[in-house]
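Dock chain B against the given chain A, drawing on the hints supplied.
Read top to bottom, the protein sequences are chains A and B.
Residue 269 in the numbering used here sits at position 266 of the first sequence, and the numbers go up by one each step.
Residue 223 in the numbering used here sits at position 220 of the second sequence, and the numbers go up by one each step.
These aren't lab readings, by the way, just hints derived from the structure by calculation.
Mixed in with the good hints, there may be bad ones.
Heads up, the list lumps identical chains together, so a pair's fine if it works in one copy or across two of them.
[As the list claims (entries may be wrong)] EDC-like mimics (lysine to aspartate or glutamate), calculated; alpha carbons at most 16 Å apart, straight line:
1. Lys411 / Asp123
2. Lys128 / Glu166
3. Lys411 / Asp473
4. Lys16 / Asp377
5. Lys262 / Glu283
6. Lys116 / Asp354
7. Lys475 / Asp404
8. Lys128 / Asp168
9. Lys240 / Glu474
Number of protein chains: 2
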Amino acid sequence: VSKTVSSFELVLKGRQPHQALTNWLYGELCSAIVDGRLSAGSRLPGSRDFAAQYGISRGTVVNVFERLQAEGYVSCRVGRGTRVSEGIRLTVPSATNPLCQPSYIRRAASAYKRPEVFVDWVVFKGRRPFQMSDPAVREFPSRIWGGIAARHGRRFPSWLREEDDGRGYSPLRNAIAQYVALSRGVKCDADQVVIVSGVQQALDLLLRLLVKKGDPVWTEDPGYFGACIALRNAGAKIIPVPVDGQGLSVSAGIKLCPKASGVLLTPGHQFPLGMTMSLERRIEVLQWASSAGAFIIEDDYDSVYRFAEQPVGALQGLDRNSNVIFVGSFNKLLFSSLRLGYIVLPPALVDVFVGHRRQTDFHTLSLDQAVLCDFIVEGHFGRHLRRMRDLYASRLAVMIDAGHHYLKGLLQISGVQAGLYTAAFLQNGMTSREAEAAATARGIETRALDRFTLRRKDPKGLLLGFAAHDEKAIRQGLGGLAAALGG
Amino acid sequence: VSKTVSSFELVLKGRQPHQALTNWLYGELCSAIVDGRLSAGSRLPGSRDFAAQYGISRGTVVNVFERLQAEGYVSCRVGRGTRVSEGIRLTVPSATNPLCQPSYIRRAASAYKRPEVFVDWVVFKGRRPFQMSDPAVREFPSRIWGGIAARHGRRFPSWLREEDDGRGYSPLRNAIAQYVALSRGVKCDADQVVIVSGVQQALDLLLRLLVKKGDPVWTEDPGYFGACIALRNAGAKIIPVPVDGQGLSVSAGIKLCPKASGVLLTPGHQFPLGMTMSLERRIEVLQWASSAGAFIIEDDYDSVYRFAEQPVGALQGLDRNSNVIFVGSFNKLLFSSLRLGYIVLPPALVDVFVGHRRQTDFHTLSLDQAVLCDFIVEGHFGRHLRRMRDLYASRLAVMIDAGHHYLKGLLQISGVQAGLYTAAFLQNGMTSREAEAAATARGIETRALDRFTLRRKDPKGLLLGFAAHDEKAIRQGLGGLAAALGG
Chain A
4 VSKTVSSFEL VLKGRQPHQA LTNWLYGELC SAIVDGRLSA GSRLPGSRDF AAQYGISRGT
64 VVNVFERLQA EGYVSCRVGR GTRVSEGIRL TVPSATNPLC QPSYIRRAAS AYKRPEVFVD
124 WVVFKGRRPF QMSDPAVREF PSRIWGGIAA RHGRRFPSWL REEDDGRGYS PLRNAIAQYV
184 ALSRGVKCDA DQVVIVSGVQ QALDLLLRLL VKKGDPVWTE DPGYFGACIA LRNAGAKIIP
244 VPVDGQGLSV SAGIKLCPKA SGVLLTPGHQ FPLGMTMSLE RRIEVLQWAS SAGAFIIEDD
304 YDSVYRFAEQ PVGALQGLDR NSNVIFVGSF NKLLFSSLRL GYIVLPPALV DVFVGHRRQT
364 DFHTLSLDQA VLCDFIVEGH FGRHLRRMRD LYASRLAVMI DAGHHYLKGL LQISGVQAGL
424 YTAAFLQNGM TSREAEAAAT ARGIETRALD RFTLRRKDPK GLLLGFAAHD EKAIRQGLGG
484 LAAALGG
Chain B
4 VSKTVSSFEL VLKGRQPHQA LTNWLYGELC SAIVDGRLSA GSRLPGSRDF AAQYGISRGT
64 VVNVFERLQA EGYVSCRVGR GTRVSEGIRL TVPSATNPLC QPSYIRRAAS AYKRPEVFVD
124 WVVFKGRRPF QMSDPAVREF PSRIWGGIAA RHGRRFPSWL REEDDGRGYS PLRNAIAQYV
184 ALSRGVKCDA DQVVIVSGVQ QALDLLLRLL VKKGDPVWTE DPGYFGACIA LRNAGAKIIP
244 VPVDGQGLSV SAGIKLCPKA SGVLLTPGHQ FPLGMTMSLE RRIEVLQWAS SAGAFIIEDD
304 YDSVYRFAEQ PVGALQGLDR NSNVIFVGSF NKLLFSSLRL GYIVLPPALV DVFVGHRRQT
364 DFHTLSLDQA VLCDFIVEGH FGRHLRRMRD LYASRLAVMI DAGHHYLKGL LQISGVQAGL
424 YTAAFLQNGM TSREAEAAAT ARGIETRALD RFTLRRKDPK GLLLGFAAHD EKAIRQGLGG
484 LAAALGG
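Just chain A, with the same shape it has in the complex:
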């Protein structure tokens, strides 16, 4: 239904049903001028020709031209015809100074706080010791994963009509329920499992639901920075509770704030110090939560890797009272760009959580969920975990051994035998940040332990990732680190 005015090659869009001719023509010409399709100075056909071209009465065209002239879009001079105004100032606002942003952007920018933990957070390109964000992706069985993905691709028509109630791909939820029951002692069935993109989305969604502005929540000090970010975004009052060799000190928490709404814990492998929460502390925290009606979010980010002994079971497995919400992720176990994790909810919280979650993104399906499901069900996941457990154990052993050799008197590597990284404590008098900066200057990536503290004073140490680095890289890195730390 488009009509072209040949003299200026303008496509006018068809008229809407019920739209008045005058409004349509006015709108189309306005739009062409605003869009620049009719450029400044170009000539419009005479009203008589124009009317004939479009089969409109000449009176309508004259009306529109007069309106355009009155509003400054076109000008009309004897002998020059009707032309688009030169140097037309659009009625659409135009920023005179590009540096002058609208105030909503200035408000957002000033309200947005970059988390302090990330200030001067240097990430080197390439895989360098002792980066701790990735597992050993070179060891990932990518052919197997790719084969499953290709198979799911070919079977795509069946996936097309997958339905999701906000919890994610149902066969994957079954596989996860079995996996966490077997390997972590979590008590659950698939109905309680909700797929998310990882621990951070789990915390963000949970805390938005569970916390009202100003509600006090305990968190480990030092602790996982993502937990603090999610707590702050949810408006919680963060209650830093000190961590000792047995994990979070429940008695200290009770002294600080007995009526807290909940607590965020990493009982399997404390972030960043690495110890496991003792059974006594586990029972203490369950008792407190039960009497306070509080939630415990158990962040089980990498507890499945424990080298010297069997993994310690999940706190959730001891809970008889629906206090514990269990959160896990595959991103650190398989590869970081996977973006799949899960929440195991107490049965009574499932409906409310799913309703709440649907309000934030409606659905959660992705083809990756189907691929991961088969990867687990066909046994590849278990095999990969066992291979990585051996590999990481040997890499950690190299690190501890070489650490004794290179770093004696400078840095004491923690004896914790778990996870993808280890804490190491400075013996050379440097603060955590001084040591991190010295390492960075030599191209070695570490994380200062005091980045993860809240009230606690600097634990004077570094986090060193070992999982993604082979023996040679670890030895070289430790050599460099020794030089950086003044060895």
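Structure of chain B alone, referenced to chain A:
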């Protein structure tokens, strides 16, 4: 390092480094009892045998047994040995009444509000007229999509190390930038594009960043329910602004609240009434936003389908002042379980938004992003849109034509020639809800228009989806609807 006590087949986990023998043994036995691995009444070996089995001094074993006895875990009677207490009450709290939930769950449940729009929202199983949530998935070129997915699966190793800065798969962002520029007149480059799961996640993320508690925001009345949900969750004060034949009444908005922080609009195809916002209104709203420093979130959910004329360009294309944030989705264009949409941000907002977004889920990659990217770049997307535009136009024509035939005097189907659904207005005196209930009773899915109103009185009409239903289904559905509405 595990040791088995054969007499009761108990696996004791290895001792942690630095853990005292007594603590270890106590913890292990506690744990076995709490876990039920040592069941009530079962007999422990004598302290002498036990000590010999584990190579521990008998004194240690006696100490632990005494501690367990003192705490009630085990009991000791002459002639019966040491046994796990009968009817042991775990020190782990146990809900006496399963209906008695912890208070954090009760608080979450009472704070959670099911959006009113969904109350009695009946969804029939199977594809029935006039469901409006899905496009015509039977027509989706699933072999082509599946072939691309299979190819990406085989190429998986390259994907394994994909990096993401929080905006999503970079080649897909390029493809989207080109698509929205060409088909919607959006002015942007790929740096401004952020991948999300759809319109709802876009609104949720944007409003959490842009709105502080109590900030007034205009929204269309009637309007998109998801917008109200996201506004409420962000704590905004919702300012319902009436919609007329030209779209949102900017002058009414200015009267109601001139200093609003922003506005949520569906200018391309107003939800639910279907009209396009006129150019005059577009310029009015841009002028208001510019002078108020306000944001305009342009929700372009299905504007690409316009049957009687070319699509109307995006409001974003007229913006010269960074007021407009453009939001779109592929879920309604391809298939609902895809879960991919995008935001086009003003350049000055990109860094802040990406920082904010990373705090909620860190990364956004998925294999589907790579598949969609090739689907667009290889031209399948454009072809599919053109095919669907023709198909939907013919289905809408059937609906209007058959509507005249079956529903004369009962229901007037709107003349709007766009989108995947149409509004229809009751002429039989029924309210929207009465009509919806009557249709539901005959197995016909419609949505009462008053579900989408805020202050506005019942527009007395229904939404009818046509995109996913063939001619026969539409005719049958309209016949049934006529009977339901008293024809």
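Hint by hint, here is what the structure shows:
no. : hint            : result
1   : Lys411 / Asp123 : neither (28 Å within a copy, 70 Å between copies)
2   : Lys128 / Glu166 : between (40 Å within a copy, 11 Å between copies)
3   : Lys411 / Asp473 : neither (21 Å within a copy, 77 Å between copies)
4   : Lys16 / Asp377  : neither (51 Å within a copy, 31 Å between copies)
5   : Lys262 / Glu283 : neither (21 Å within a copy, 57 Å between copies)
6   : Lys116 / Asp354 : between (33 Å within a copy, 12 Å between copies)
7   : Lys475 / Asp404 : within (13 Å within a copy, 76 Å between copies)
8   : Lys128 / Asp168 : between (40 Å within a copy, 14 Å between copies)
9   : Lys240 / Glu474 : neither (44 Å within a copy, 58 Å between copies)
Hint check: violations occur at hints 1, 3, 4, 5 and 9; the rest are consistent with the structure.
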